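A.B. asks: Protein sequences appear in the order of chains E and B. Numbering-wise, our numbering puts 243 at position 13 of the first sequence, and it's gapless, one number per residue. Numbering-wise, our numbering puts 183 at position 176 of the second sequence, and it's gapless, one number per residue.
None of these hints come from the bench; they were simulated from the model.
Computed cross-link-like contacts, DSSO-like style, restricted to lysine-lysine with a CA-CA straight-line distance of at most 27 Å:
| # | chain 1 | residue 1 | chain 2 | residue 2 |
| --- | --- | --- | --- | --- |
| 1 | B | K109 | E | K265 |
| 2 | B | K198 | E | K459 |
| 3 | B | K198 | E | K380 |
| 4 | B | K198 | E | K324 |
| 5 | B | K198 | E | K265 |
| 6 | B | K198 | E | K351 |
| 7 | E | K265 | B | K107 |
Reference excerpt, derived from the structure (chain B facing chain E, CB under 10 Å, subset only):
| # | residue |
| --- | --- |
| 8 | D197 |
| 9 | S199 |
| 10 | L200 |
| 11 | E202 |
| 12 | S204 |
| 13 | L205 |
| 14 | D206 |
| 15 | L207 |
| 16 | G208 |
| 17 | A209 |
| 18 | H211 |
| 19 | R213 |
| 20 | T214 |
| 21 | I218 |
| 22 | L222 |
| 23 | L224 |
Predicted, not measured: the structure shown is a model, and the values here were computed from it. For every residue, glycine included, the Cβ atom is placed at its ideal position computed from N, Cα and C.
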Amino acid sequence: MGRGAQAADVFGGNDEVTEPKPIITFENVTKRFGKLAAVDNVSLSIREGEFFALLGPSGCGKTTLLRMLAGFETPTEGRILIDGQDISNVPPNKRPVNMVFQSYAVFPHMTVADNVAYGLKVDRVSKAERDRRVEEALELVQLGGLGQRKPDQLSGGQRQRVALARALVKRPRVLLLDEPLSALDAKLREQMRTELCTLQEKVGITFIMVTHDQDEALALATRCAVMSKGLLQQVAAPNDLYEFPNSRFVADFIGSVNLFEGVLAVDEPSHAVIRSPGLPTDIFLDHGVTGPRGGTVWAAIRPEKIELHKRPDDGEPPNMGDAPKGTNAVAGVIKHEAYLGGVSTYEVEIEGGRRVKVQRPNLTRWDQEDFRLGEAVWIAWHACSPAVLLS
Amino acid sequence: MEQSWKKAKAVFAAALGPPLVWLVVFFVAPMAIVWAYSFGHNVGLTEISFTGTIANYARALEPLYLKIFVKSAWVAALTTALCLVIGFPVALAITFASQKAKTWLLLLVMLPFWTNLLIRTYALIAVLRTEGYVNQTFEWFWNLGAKVAPLGAYQPLELLHNNFAVILGLVYVHLPFMVLPLYSALDRLDKSLLEASLDLGAGHLRTLFRIVVPLALPGIASGILITFIPALGAYLTPDLLGGPDSQMIANVIERQFKRANDWPFGAALSFLLMYLTFIAIAVQALLSRGKKKEGVG
Numbered sequence: 231m232g233r234g235a236q237a238a239d240v241f242g243g244n245d246e247v248t249e250p251k252p253i254i255t256f257e258n259v260t261k262r263f264g265k266l267a268a269v270d271n272v273s274l275s276i277r278e279g280e281f282f283a284l285l286g287p288s289g290c291g292k293t294t295l296l297r298m299l300a301g302f303e304t305p306t307e308g309r310i311l312i313d314g315q316d317i318s319n320v321p322p323n324k325r326p327v328n329m330v331f332q333s334y335a336v337f338p339h340m341t342v343a344d345n346v347a348y349g350l351k352v353d354r355v356s357k358a359e360r361d362r363r364v365e366e367a368l369e370l371v372q373l374g375g376l377g378q379r380k381p382d383q384l385s386g387g388q389r390q391r392v393a394l395a396r397a398l399v400k401r402p403r404v405l406l407l408d409e410p411l412s413a414l415d416a417k418l419r420e421q422m423r424t425e426l427c428t429l430q431e432k433v434g435i436t437f438i439m440v441t442h443d444q445d446e447a448l449a450l451a452t453r454c455a456v457m458s459k460g461l462l463q464q465v466a467a468p469n470d471l472y473e474f475p476n477s478r479f480v481a482d483f484i485g486s487v488n489l490f491e492g493v494l495a496v497d498e499p500s501h502a503v504i505r506s507p508g509l510p511t512d513i514f515l516d517h518g519v520t521g522p523r524g525g526t527v528w529a530a531i532r533p534e535k536i537e538l539h540k541r542p543d544d545g546e547p548p549n550m551g552d553a554p555k556g557t558n559a560v561a562g563v564i565k566h567e568a569y570l571g572g573v574s575t576y577e578v579e580i581e582g583g584r585r586v587k588v589q590r591p592n593l594t595r596w597d598q599e600d601f602r603l604g605e606a607v608w609i610a611w612h613a614c615s616p617a618v619l620l621s
Numbered sequence: 008m009e010q011s012w013k014k015a016k017a018v019f020a021a022a023l024g025p026p027l028v029w030l031v032v033f034f035v036a037p038m039a040i041v042w043a044y045s046f047g048h049n050v051g052l053t054e055i056s057f058t059g060t061i062a063n064y065a066r067a068l069e070p071l072y073l074k075i076f077v078k079s080a081w082v083a084a085l086t087t088a089l090c091l092v093i094g095f096p097v098a099l100a101i102t103f104a105s106q107k108a109k110t111w112l113l114l115l116v117m118l119p120f121w122t123n124l125l126i127r128t129y130a131l132i133a134v135l136r137t138e139g140y141v142n143q144t145f146e147w148f149w150n151l152g153a154k155v156a157p158l159g160a161y162q163p164l165e166l167l168h169n170n171f172a173v174i175l176g177l178v179y180v181h182l183p184f185m186v187l188p189l190y191s192a193l194d195r196l197d198k199s200l201l202e203a204s205l206d207l208g209a210g211h212l213r214t215l216f217r218i219v220v221p222l223a224l225p226g227i228a229s230g231i232l233i234t235f236i237p238a239l240g241a242y243l244t245p246d247l248l249g250g251p252d253s254q255m256i257a258n259v260i261e262r263q264f265k266r267a268n269d270w271p272f273g274a275a276l277s278f279l280l281m282y283l284t285f286i287a288i289a290v291q292a293l294l295s296r297g298k299k300k301e302g303v304g
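Okay, chain E solo, but in the shape it has when bound:
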């Protein structure tokens, strides 16, 4: 994505102009429980074949949105379209979507095969066809040969596969997944992530997943919608969400970030300068932002985009190349260090007392430039690294 596109994105420009027909459209959907708006005027399109993630903290309305799609809740206002058809008044059992529940909701009194066959029996699929499809679905989720087991003889991961097979065997237009990985242990979660991706590519069905785990959303989804307090905050591909967040909420929710509040001192098409009271030096940007001159903006800099440099007593600040001298470099002292294996994280206290998070990859086994607690350092960043946020 080019700079111009970035600018458009940052300021709420529309990158959904030339698109294939959406499979699902939310049109100004609002859902109120009493006075509380769990979902507040959400408009959203999801394309065929996407792996779409609804991401947000608990209580943000993502699950309500999914449940409205499944038919367990009805919108207070607005419409939901599947393939262009308004399904707002279609009961859950008549919708071309199937759901994998957070608790899996595998029927405990039926065998695995009966669980998977349940939806096909409803559809009056012939016995021979049914057996074939059940076997096929169980193979697909790697549960071949376990059809006669009862759910209480399965592990949590296997029960989830049953839930997946049971939903996929119906060949839905859209598969809904409610927090699919939250109940699994760390190792299994990692494995299931990859498998869900492969599975989606294999079956080619549109997946919509609800999650509060940003890593999960970034790893799995082709596009994410970030929600907060019932409102849609941003809809974008994972890398765009991370690199081009449109608000402090999104910048902070996705990954870790240093936020500097300031004003736009200079705003030219070719460059801009943000003056922040919390920083002794200006933040120089190698692009214009067309923001409110003199108004409050926030510069968001990710910890891994900040460099650490040694600071001898009389040393000059490091030259960041694209930034003029006297900008984008601040003197500080390392106050906290955490070695995490692949990377190390530091907290650097700068002049004025503010702590800045810095992340540094451990590229070699014997680190040539070993940074220690209490060491005097420069923190510096490139002119393209900060994201400018207006809200």
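Given the coordinates of chain E, work out where chain B should sit on it, guided by the hints.
C.D. replies: Then chain B, alone, in the frame of chain E:
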């Protein structure tokens, strides 16, 4: 904690002692005496000799009494079935009611429970008798109709002192016994299972019979048992609401102890009734054990 009080024998004895003494003196001992009576025979007006005879049991199994046993079982079974048919939708409705409504609905189910049985039974008599509320209401409508069509005088329905009144009374009295275990079973049910069923395309009826009922089966079984047992031994309801042909085994037992003054025979009938109850419990236990085994195997 659990370990320590088991070790403290004195504390254990002090806690367990009084109820144990109570049970032995007021339950085990009287039962043993009545059991002993059942093997004796009357020698005087108040004197009973313990002869070890089984004549009382032989008499209890004569067709006359056997018929009453069978009829009692049948009435209790019908009561239980009606309670199940009425209680299941009620329990289901309470389960899906809002948290606030739930408390009130459960209170409504419990309320008759806390009222004296005699008062409730007499209230039913007031409702059902010839000049009772039901007949009054029907008569009012009848007279309304009589103004437009020649219907003649209203003939009151005979609602009291027959088998119908007994069944109605028993169902009314025993409904909470059925609703409460059903409710506790249904309330424990994971609601996402019902949503999953709907999600997979099943309608509400299929969801009810394929998911809800099978999963509520333990609750249904215990509801049936704890309705059937007291209904089988019902005394007051058939006594007050029934007619000459609607006496149940408990009424016969009462007559032996009082009017007939045949305690040994009454004792034998009592114990037969208790054995019948034991059989019902054993059948239920066997069924539920078989169910568990099937679940594992």
